[in-house]
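Asker: This is what each chain is made of:
There are 2 protein chains.
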Amino acid sequence: MNEDSTAPRGTVKPLDGESAHLAIERHLRDLVASRPVGDRLPSTRTLVLEHAASPLTVQRALQRLVLEGLIETRPGAGSFVARRHSVHRADFGWQTTALGAARTGADAIGTAMANAGPGVIALHSGYPAEELLPTRLVRSALVRAARTNTAVERAPISGLPELRSWFAAELAPAGASVAAPPAADDVVITPGGQSALSSIFRALANPGDAIVMESPTYWGAMAAARQAGLRIVPIARGTTAPTAADLDDALGASGARLFYAQPHFANPTGALWSSSERSAITAVLHARGAYLIEDDWAHDFGIDADAAPLAADDADGHIVYVRSLTKSLSPAVRVAAVVARGPALARIQVDRTVDDLYVSGILQAAAVDVLTDPGWRSHLSRLRGSLRGRRDEMARQVRGQLGADALELVPRGGLNLWVRTNDGVDVAGLARRAAAEGVLFSPGGDWFPAEPTGSFFRLNYSRARPELFEPAVGILARLLA
Amino acid sequence: MNEDSTAPRGTVKPLDGESAHLAIERHLRDLVASRPVGDRLPSTRTLVLEHAASPLTVQRALQRLVLEGLIETRPGAGSFVARRHSVHRADFGWQTTALGAARTGADAIGTAMANAGPGVIALHSGYPAEELLPTRLVRSALVRAARTNTAVERAPISGLPELRSWFAAELAPAGASVAAPPAADDVVITPGGQSALSSIFRALANPGDAIVMESPTYWGAMAAARQAGLRIVPIARGTTAPTAADLDDALGASGARLFYAQPHFANPTGALWSSSERSAITAVLHARGAYLIEDDWAHDFGIDADAAPLAADDADGHIVYVRSLTKSLSPAVRVAAVVARGPALARIQVDRTVDDLYVSGILQAAAVDVLTDPGWRSHLSRLRGSLRGRRDEMARQVRGQLGADALELVPRGGLNLWVRTNDGVDVAGLARRAAAEGVLFSPGGDWFPAEPTGSFFRLNYSRARPELFEPAVGILARLLA
Chain E
1 MNEDSTAPRG TVKPLDGESA HLAIERHLRD LVASRPVGDR LPSTRTLVLE HAASPLTVQR
61 ALQRLVLEGL IETRPGAGSF VARRHSVHRA DFGWQTTALG AARTGADAIG TAMANAGPGV
121 IALHSGYPAE ELLPTRLVRS ALVRAARTNT AVERAPISGL PELRSWFAAE LAPAGASVAA
181 PPAADDVVIT PGGQSALSSI FRALANPGDA IVMESPTYWG AMAAARQAGL RIVPIARGTT
241 APTAADLDDA LGASGARLFY AQPHFANPTG ALWSSSERSA ITAVLHARGA YLIEDDWAHD
301 FGIDADAAPL AADDADGHIV YVRSLTKSLS PAVRVAAVVA RGPALARIQV DRTVDDLYVS
361 GILQAAAVDV LTDPGWRSHL SRLRGSLRGR RDEMARQVRG QLGADALELV PRGGLNLWVR
421 TNDGVDVAGL ARRAAAEGVL FSPGGDWFPA EPTGSFFRLN YSRARPELFE PAVGILARLL
481 A
Chain G
1 MNEDSTAPRG TVKPLDGESA HLAIERHLRD LVASRPVGDR LPSTRTLVLE HAASPLTVQR
61 ALQRLVLEGL IETRPGAGSF VARRHSVHRA DFGWQTTALG AARTGADAIG TAMANAGPGV
121 IALHSGYPAE ELLPTRLVRS ALVRAARTNT AVERAPISGL PELRSWFAAE LAPAGASVAA
181 PPAADDVVIT PGGQSALSSI FRALANPGDA IVMESPTYWG AMAAARQAGL RIVPIARGTT
241 APTAADLDDA LGASGARLFY AQPHFANPTG ALWSSSERSA ITAVLHARGA YLIEDDWAHD
301 FGIDADAAPL AADDADGHIV YVRSLTKSLS PAVRVAAVVA RGPALARIQV DRTVDDLYVS
361 GILQAAAVDV LTDPGWRSHL SRLRGSLRGR RDEMARQVRG QLGADALELV PRGGLNLWVR
421 TNDGVDVAGL ARRAAAEGVL FSPGGDWFPA EPTGSFFRLN YSRARPELFE PAVGILARLL
481 A
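Protein sequence lines, in the order shown, are assigned to chains E and G.
All residue numbers for the first sequence refer to our numbering, where the first residue is 1 and numbers rise by one.
All residue numbers for the second sequence refer to our numbering, where the first residue is 1 and numbers rise by one.
No wet-lab data here; the hints were simulated from the structure.
Among the clues, some could well be false.
[What the hints assert, rightly or not] Covered stretches of chain E (chain G as the covering partner; in silico rule of three or more C-beta atoms under 8 Å from a C-beta of chain G):
| # | segment |
| --- | --- |
| 1 | 60-73 |
| 2 | 104-114 |
| 3 | 132-138 |
[Claimed, not checked] Partner residues are not named here, just some residues of chain E that face chain G (Cβ under 10 Å, in silico):
| # | residue |
| --- | --- |
| 4 | Arg257 |
| 5 | Leu258 |
| 6 | Val354 |
| 7 | Leu357 |
[To be verified] Derived, one-sided and incomplete: chain G residues facing chain E with beta-carbon distance under 7 Å:
| # | residue |
| --- | --- |
| 8 | Asp91 |
| 9 | Gln95 |
| 10 | Ala101 |
| 11 | Tyr127 |
| 12 | Arg139 |
| 13 | Leu142 |
| 14 | Ala151 |
| 15 | Arg154 |
| 16 | Pro161 |
| 17 | Ser165 |
| 18 | Ala223 |
| 19 | Ala224 |
Each residue gets a CB set at the ideal place from its N, CA and C atoms; glycine is no exception.
Pulled out of the complex, with its shape left as it was, chain E reads as follows (with noise of 0.2 Å):
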């Protein structure tokens, strides 16, 4: 009787939690740390033993630790301890006179893309928790998809054809009265809205150019522009749209000719534009010759309202729309569309094709098995109503906790609240306190072009557990009395 056989069965116990494959790998590791190099490692066969696992998954646990050069296997002698690579001090320095000064830092993107270790209260990110995703279906979807051959072959670069007519049709459904409906040769799919906006700024205008956006705004359109070269001029919105004359001015003293907005439920407002505010600026992007850029980021996220995009009714192009099912989908499928008219859409799918080629297929065809389903309506139907219920939590949390004129708007979709404390508070400052007591939340500071004109921040409520918004607006009060 060898060794191996005698080792007694599953004697090294997994952590809670843990699975066969960590739990291996966190042994090997032990091992690595306290032997020397060169030293022999257990064979595959007592790690088996010890740990009550399959070959496949003991071989799959030494093959990373292979990977991280930790291990070395010789081929019919077994696994030994790995020779430590020498220190190495790198000399940079030549790269600071090469780069020359950023253009853009590291700053640029925003607390709400941090990542939230567990325990802590994420009121800072931008997804949605699991359970407000139609999670059962995605995972479906990827199954079948995998098995289609979208799978193994290049998808069009324009994207699915099948979905794209998904997205022009949802603009101008069927029986709706549209003068000049999107059809699915106007949509160009991209990786994501965040890359749908990169485009758009690349394609649309020029370094040196100036855009317009409201002010407060969304990070991510603001970084993107910032990189394309693009000189952001703010136009400043509360709860309404910007007003038409502020629209005028800046487009024509800037020479701009973009306009990007969220006219629904805007991030991180929450506002909604109204009909009459709709007219007044389509109007003036008519007379200025100008396009709106209309970020529909939470089409999926009304509440007590209906997103219906200006998109749906431009006749002329001066609309370019961007939808992503990212946040409605799930973070994995990294799908969004452009839909625009004219020369610009030949622009826009140009600087696509050169920035990535394509979008990954079967993310594509798990997208459309999705949106095609019965369950996706109803599953909509329910994230409707559980959004109502956070919304309506977060809110009354905020008034009783912080004050009634801390919100000065209850927005009828999307997923934030846009809070406002005393002017002068340093509310990064209170970002880094909460912080330190297990509290996530978005500083004013990430969302305005310029100066905040306020003390600001913003409190997602999709993502915590809605009956940890007590606590967590409680521990933002004491740190604010």
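Take the given structure of chain E and dock chain G to it, following the hints.
Answerer: Same frame as chain E, now just chain G:
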């Protein structure tokens, strides 16, 4: 007994190879085209019987046509031929003024991206045939990943740690004598190699800056550089690397800090830098304080030689390394990596995040699954044999039918032969005439930053079936005669 139940079962036959879903869709389209607006269409039940299909399949086909606006459904009443939208003739003239002259036209997109119809012999494409991909591994990896959290969670902005480790370990295998092995932290995951190049060019240079490139070189790199506003400075290469003196002159005269190249099995020429050429070029990079953007596009396509990345031995961050998995795993697994050190890495990461936030986690998880499967190594060795057979057959046909001097080099890896024909031959015209006879290839003009230095074209041997190489090259020989 009502009308529906008398419909004979399965009376409408699908065409050869057509799915039930598509057969029903075709049937409905025929009905819509032949009937007046408002006419009632057959009930779901009738369609189920006529097509011997499931109600779900029928519902999906109906839904598709509803999306396209061809059919209207009224709950309880049935489906009807929809009212046609009136035709609107749009006025896009204003966009000419708004947009100004185009910087990048559609001709920036190489002919390699053209979609080939059925029956065409595709020697133009850059994407290997399905039989050269590990499709079984890819499909099962996607199915497995669809069941993990990566299908419903946002991936980290730099990429999945396991995938970053894998790319780093590939550059510096355990036991290799590498001075400063890259670590997982030096890796940024991108949605494909093209996206990696776009981000690198934007992040490491400013509009107006120069970038040195081999000539001929990859069309996508030229397009991405021009999109970033860079000026391409070409240096000639034939079957060898550019000379160190040429590179030194080009960097010195242009002030460029970037040199883009494919040291292994370059696209389109297939050339491979020798060990002394590598050293000479590295010395110039150090002396000039410049970066080499090493595009290791054919890492998995070595035939008589292996790719040995310069980035493996790069202590001070002069090499920015790009490796994509799209061509070797599946066109649907849009995953690549940039490996860089120092401030360059940080700038590339910021550009990537601003450009499109993050890469779908499920694609990354599936990639890790395939790459750590024991089947991946055996796939790679089978692939090498298949590519050798294809390359040799294509080389035999080219030399036999186009003359021995048509090929200066039989590449030791990669997917293409670079063919030269008599000076003065109009290769673009030849491509059009060959396309009319069902043979697609990529004319040399796509691959030169400036005027082509001769009449070249590229034949890809990885996509069409090898038994078609003889007739395809025969057509070219006849057209050239």
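Asker: Work down the list of hints and note, for each, if the structure agrees.
Answerer: A quick look at each hint next to the structure:
no.	hint	in the structure
1	60-73	holds (count 10)
2	104-114	holds (count 6)
3	132-138	holds (count 3)
4	Arg257	holds (4 Å)
5	Leu258	holds (9 Å)
6	Val354	holds (4 Å)
7	Leu357	holds (5 Å)
8	Asp91	holds (5 Å)
9	Gln95	holds (5 Å)
10	Ala101	violated (10 Å)
11	Tyr127	holds (5 Å)
12	Arg139	holds (5 Å)
13	Leu142	holds (4 Å)
14	Ala151	holds (5 Å)
15	Arg154	holds (4 Å)
16	Pro161	violated (11 Å)
17	Ser165	holds (6 Å)
18	Ala223	holds (4 Å)
19	Ala224	holds (6 Å)
Hints 10 and 16, counting from the list given before, are not met by this structure.
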